[in-house]
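Q: Sequence:
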Amino acid sequence: MSHEPGWLEVGLGRVAALGLLGALVLPLVALALAMSPAELLAGVRDARFAPALMLSLRTSLLSLALVVVGGLPLGWWLARSRSRGARLVEVLVDLPLVLPPAVVGVGLLMAYGRRGLLGGVLESVGVSLPFTSAAVVVAQVVVAAPFFVQAAATAFRSVREEQLLVAQTLGASRTEAIWKVAVPAALPGLVAGASLAWARALGEFGATLIFAGSLQGVTQTMPIAIYAALERDVGLAVTFALALAAIATVLLLTLRLGLGGVVRVGGRP
Numbered sequence: 001m002s003h004e005p006g007w008l009e010v011g012l013g014r015v016a017a018l019g020l021l022g023a024l025v026l027p028l029v030a031l032a033l034a035m036s037p038a039e040l041l042a043g044v045r046d047a048r049f050a051p052a053l054m055l056s057l058r059t060s061l062l063s064l065a066l067v068v069v070g071g072l073p074l075g076w077w078l079a080r081s082r083s084r085g086a087r088l089v090e091v092l093v094d095l096p097l098v099l100p101p102a103v104v105g106v107g108l109l110m111a112y113g114r115r116g117l118l119g120g121v122l123e124s125v126g127v128s129l130p131f132t133s134a135a136v137v138v139a140q141v142v143v144a145a146p147f148f149v150q151a152a153a154t155a156f157r158s159v160r161e162e163q164l165l166v167a168q169t170l171g172a173s174r175t176e177a178i179w180k181v182a183v184p185a186a187l188p189g190l191v192a193g194a195s196l197a198w199a200r201a202l203g204e205f206g207a208t209l210i211f212a213g214s215l216q217g218v219t220q221t222m223p224i225a226i227y228a229a230l231e232r233d234v235g236l237a238v239t240f241a242l243a244l245a246a247i248a249t250v251l252l253l254t255l256r257l258g259l260g261g262v263v264r265v266g267g268r269p
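For the sequence shown, the positions run 1 to 269 when my numbering is used.
Treat the hints as calculated values from the structure; they're not laboratory data. Every residue, glycine too, gets a C-beta built ideally from N, C-alpha and C. Fair warning: there could be bad hints in the mix.
[Stated by the list, open to error] Estimated spans, in silico, between C-beta atoms of each pair: (1) L257 / R160: 25 to 31 Å; (2) R114 / L31: 48 to 54 Å; (3) E123 / A172: 43 to 49 Å; (4) L255 / G19: 46 to 52 Å; (5) G19 / V98: 24 to 30 Å.
Let the hints inform the model, and build the full structure from the sequences given.
A: Here it is in structure tokens:
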């Protein structure tokens, strides 16, 4: 006997859905209405705005490149391996997703700090990582990598082994088959994962603050600049927040509107 949802069930569902949608959208609307165009322009002209924005863009793009270079082979191995070791590695890769950013930051200090596990080795070759721009990149890589590796592994699992075997029977090596068949077929998932990883790196705050500090022009990214501005100038903090929100919106629209073309290029219907 079929059960048709009653008006109460439908009504409660709609109220719950609209309530959640409102909770997601309202902060963005409030942020957009918080500043007049003149106030926004004045904030953009502040001496702290451009250095923080450029540092965020530069470090997040570099960290994305590092994540992709390391994440492609790791995602492929996780997708193809059936060993218990691969499942353990997958858990370790996902761990930064559930750890508080502050924990990640302290862990980075314990690993690469002057008294950390590798601190002595780094100092012996003249490298001091904490509180430098390189530390910003390291923190971003650690927190952003799981998003890309997860997406890459999921995308590569959809590639059938028969596709690679056909390419190899036509004369391609295993490596050539992966690059010419598997990567194009998995491209939509890879692009989505890279976009999420970049967005996560761009918005990283807690681990960066602890491991890299807040040195203007050196380690003060946009999220950290927002935190610093809140103590002195709320209007400037809102300007920085709007800039980050605008970048995230452009990124999301590019992903949503451009993914259809990527899917066609990747050879999927």
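Q: Against this structure, judge whether each hint is valid.
A: Verification of the supplied hints:
A C-beta distance of roughly 29 Å is found between L257 and R160, which places it inside the suggested range of 25 to 31 Å. Hint check: R114 to L31, Cβ distance near 39 Å, so the stated range 48 to 54 Å is violated. Against the hinted window of 43 to 49 Å, the Cβ-Cβ separation of E123 and A172 comes to about 47 Å, which satisfies the hint. Separation of L255 from G19 is about 26 Å and departs from the stated range, judged on CB atoms against 46 to 52 Å.
Between G19 and V98 the CB atoms are about 26 Å apart, so this pair conforms to the stated range of 24 to 30 Å.
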